[in-house]
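Q: As given, the protein sequences belong to chains A and B, one line each in that order. In terms of our numbering, the numbers along the first sequence are unbroken and rise by one, the last being 489. In terms of our numbering, the numbers along the second sequence are unbroken and rise by one, the last being 243.
There may be inaccurate statements among the hints.
Computed footprint of chain B on chain A; a stretch qualifies when at least three of its residues, placed anywhere within it, have a C-beta under 8 Å from a C-beta of chain B [to be verified]:
{"#": "1", "stretch": "235-241"}
{"#": "2", "stretch": "349-355"}
{"#": "3", "stretch": "386-399"}
The calculated lysine to aspartate or glutamate pairs, modelled on DMTMM-like cross-linking and capped at a C-alpha distance of 20 Å, are [as the list claims (entries may be wrong)]:
{"#": "4", "chain 1": "B", "residue 1": "K97", "chain 2": "A", "residue 2": "E344"}
{"#": "5", "chain 1": "A", "residue 1": "K388", "chain 2": "B", "residue 2": "D185"}
{"#": "6", "chain 1": "B", "residue 1": "K62", "chain 2": "A", "residue 2": "E254"}
{"#": "7", "chain 1": "B", "residue 1": "K67", "chain 2": "A", "residue 2": "E418"}
{"#": "8", "chain 1": "B", "residue 1": "K229", "chain 2": "B", "residue 2": "D185"}
{"#": "9", "chain 1": "B", "residue 1": "K212", "chain 2": "A", "residue 2": "E344"}
{"#": "10", "chain 1": "B", "residue 1": "K67", "chain 2": "A", "residue 2": "D416"}
{"#": "11", "chain 1": "B", "residue 1": "K212", "chain 2": "A", "residue 2": "E251"}
{"#": "12", "chain 1": "B", "residue 1": "K62", "chain 2": "A", "residue 2": "E430"}
{"#": "13", "chain 1": "B", "residue 1": "K212", "chain 2": "A", "residue 2": "E254"}
{"#": "14", "chain 1": "B", "residue 1": "K67", "chain 2": "A", "residue 2": "E423"}
Just so you know, these hints were derived from the structure itself, not from any lab. Model, not experiment: these values are computed from the prediction. Every residue gets a Cβ at the ideal spot worked out from N, C-alpha and C, and that includes glycine.
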Amino acid sequence: MAATSTASLLTCAFLPRQGFSESTRSPVWKNKQKQCKRRYGPQVVTAKIELKPPPYMLNALEPHMSKETLEYHWGKHHRGYVDNLNKQIVGTELDGLTLEGVVLVSYNKGDILPAFNNAAQTWNHEFFWESMAPGGGGKPSGDLLKLINRDFGSFEAFVEEFKLAATSQFGSGWAWLAYKANRLDVGNAVNPLPTEEDKKLVVVKSPNAVNPLVWDYFPLLTIDVWEHSYYIDFENRRAEYISTFLEKLVSWETVSMRLEIAKSRSTERDKEAERKRREEEEANLPGGEATEMYLESEGEESEAET
Amino acid sequence: MAFRTLVTKKSVRSSFEQIRGLQTTAFALPDLDYDYGALEPAISGEIMKLHHQKHHQAYVTNYNKALEQLDAAVSKSDSTSIAKLHTALKFNGGGHINHSIFWKNLAPVTEGGGEPPKGSFGGAIDSQFGTLEALVQKMNAEGAALQGSGWVWLGLDKELKRLVVETTANQDPLVSSGANLVPLLGIDVWEHAYYLQYKNVRPDYLKNIWKVINWKFAGEVYEKECPSTG
Chain A
184 MAATSTASLL
194 TCAFLPRQGF
204 SESTRSPVWK
214 NKQKQCKRRY
224 GPQVVTAKIE
234 LKPPPYMLNA
244 LEPHMSKETL
254 EYHWGKHHRG
264 YVDNLNKQIV
274 GTELDGLTLE
284 GVVLVSYNKG
294 DILPAFNNAA
304 QTWNHEFFWE
314 SMAPGGGGKP
324 SGDLLKLINR
334 DFGSFEAFVE
344 EFKLAATSQF
354 GSGWAWLAYK
364 ANRLDVGNAV
374 NPLPTEEDKK
384 LVVVKSPNAV
394 NPLVWDYFPL
404 LTIDVWEHSY
414 YIDFENRRAE
424 YISTFLEKLV
434 SWETVSMRLE
444 IAKSRSTERD
454 KEAERKRREE
464 EEANLPGGEA
474 TEMYLESEGE
484 ESEAET
Chain B
14 MAFRTLVTKK
24 SVRSSFEQIR
34 GLQTTAFALP
44 DLDYDYGALE
54 PAISGEIMKL
64 HHQKHHQAYV
74 TNYNKALEQL
84 DAAVSKSDST
94 SIAKLHTALK
104 FNGGGHINHS
114 IFWKNLAPVT
124 EGGGEPPKGS
134 FGGAIDSQFG
144 TLEALVQKMN
154 AEGAALQGSG
164 WVWLGLDKEL
174 KRLVVETTAN
184 QDPLVSSGAN
194 LVPLLGIDVW
204 EHAYYLQYKN
214 VRPDYLKNIW
224 KVINWKFAGE
234 VYEKECPSTG
């Protein structure tokens, strides 16, 4: 079972990493999943979000995270979310979206749709497996370390903040390191003075299935603090699990790579926004006043009519 | 420890408290009425031991800690600190309340665990849910569907004199869903309540726990709120 799904997923490994695809910001109606697997036929496309395996063997994180834990956590929990998600979205308007698309659409600005929990948990678990590596842990380097030092004071201060977030997530949930690049942009209220200071690393926690994508942050690292992720290995000792994760399992290489992608996506977004703003300005420049007059008079007319 | 013993024995409050004029109530981990292994095979002794000695103890310890911090903040009129303590008080206080009821809701088969409710309580269940089985199915379904950690409850609305099935998230006590709600029976659906034995299969845990449910206790609480006439 595991072997066949792994084989069919190999092609997916070369696709752009979910989490940073453009679909986060722009229309999510594109389908990347179809490049992996899509049945063409006379009828509706059936939902097929894949169960993505961890990028290592299930015993590769021992002794820090046991094979048994991964067999249940990936083989049962993660699989359960994927199976239930596919059942939920088949034939609905969510069918055919990317996984990330389903997460964002079903979040529905906080008024969540039924598919959200399974979709977000599927996304979170993929992201979690890739946040770890055999022989992980230690300290980050390069730009990532520089930003950590800038935004938390030191690596040790970051570790403390991350541990606090993970231990104080009362109940089930997740703790995250994220790149917060979003600007104040609520309807027509746009941040008048965007600066580099808007872009920084933050530590956040989230309950149950929620993840920072829904706040328009770029997730960089996560730890699952649902009890099922540590109970077999650590029983009630969540703090010990969190320390072990940081000291022995985090793939800082992956986190660094995610940061680079997040920064370039964020820059692209800024450029795109700037280009749009210029276009609008230019469109308004020649004869701009006339256009304005026209709009105003139209407004007055319609007011007069009512 | 000595301090806690003093308080739980309801002896004189320490002079320290009298000077401040504040009443510090230190809560203690209640003993179980049965051995850890007595609920097997429905719930393993290992789960019961960890659940009681580690999880419930942590709620008690952290609740007392938060209450001490609250006293200190109140005595300094530090409203920011008082507000900040809200989540820790609710979570740990709720954890202590919920688990204290939960232990009473369970009993070994040899001591009446799983014996169906009788009297007016049994009658109320039948008239409201049809059958006991229907109530069990309803609680199992709601418990299995609960996202993340929490509880599924059979409660009594003491104003309307009606039984209700409710779920609460995390360690929210039933009273947070309505001031009139009295918990009769609470089932813990946090993963720590079943994971070592049932792993990801929460429905199996829910199916089996009814074999050790102490309906007699729930009936006593019900009778107290709704005394039978006649």
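Q: Against each hint, give a clear statement of whether it holds in the structure.
A: Checked hints:
With 0 residues having a beta carbon nearer than 8 Å to a beta carbon of chain B, the stretch 235-241 of chain A misses the requirement of three or more and the stated coverage is violated. Three residues within the 8 Å Cβ limit are the bar, and the stretch 349-355 of chain A against chain B gives 3, so the coverage statement holds. Proximity of the stretch 386-399 of chain A to chain B, defined as three or more residues with a beta carbon under 8 Å from a beta carbon of that chain, is established by the 3 residues found. For the hint linking K97 of chain B to E344 of chain A, the alpha-carbon distance of about 17 Å falls within 20 Å, and the restraint holds.
A hinted pair counts as satisfied when its Cα atoms are at most 20 Å apart, and K388 of chain A with D185 of chain B qualifies at roughly 19 Å. Restraint check: the Cα-Cα separation between K62 of chain B and E254 of chain A comes to about 25 Å, which exceeds 20 Å; the hinted pair is violated. The straight-line distance between the Cα atoms of K67 of chain B and E418 of chain A is roughly 10 Å, inside the 20 Å bound, and the hint therefore holds. Distance restraint check for K229 of chain B and D185 of chain B: the Cα-Cα separation of roughly 24 Å exceeds the 20 Å cut-off, and the hinted pair is therefore not satisfied.
Between K212 of chain B and E344 of chain A, the direct Cα distance comes to roughly 31 Å. Violation of the 20 Å bound is thereby established for this hinted pair. Proposed proximity of K67 of chain B and D416 of chain A is supported: the alpha carbons are some 15 Å apart, at most 20 Å. Between K212 of chain B and E251 of chain A, the direct Cα distance comes to roughly 11 Å. Compliance with the 20 Å bound is thereby established for this hinted pair. Restraint check: the Cα-Cα separation between K62 of chain B and E430 of chain A comes to about 30 Å, which exceeds 20 Å; the hinted pair is violated.
A hinted pair counts as satisfied when its Cα atoms are at most 20 Å apart, and K212 of chain B with E254 of chain A qualifies at roughly 11 Å. Pair hint K67 of chain B plus E423 of chain A holds up; C-alpha atoms about 14 Å apart against a cutoff of 20 Å.
Going through the hint list in order, the structure does not satisfy hints 1, 6, 8, 9 and 12.
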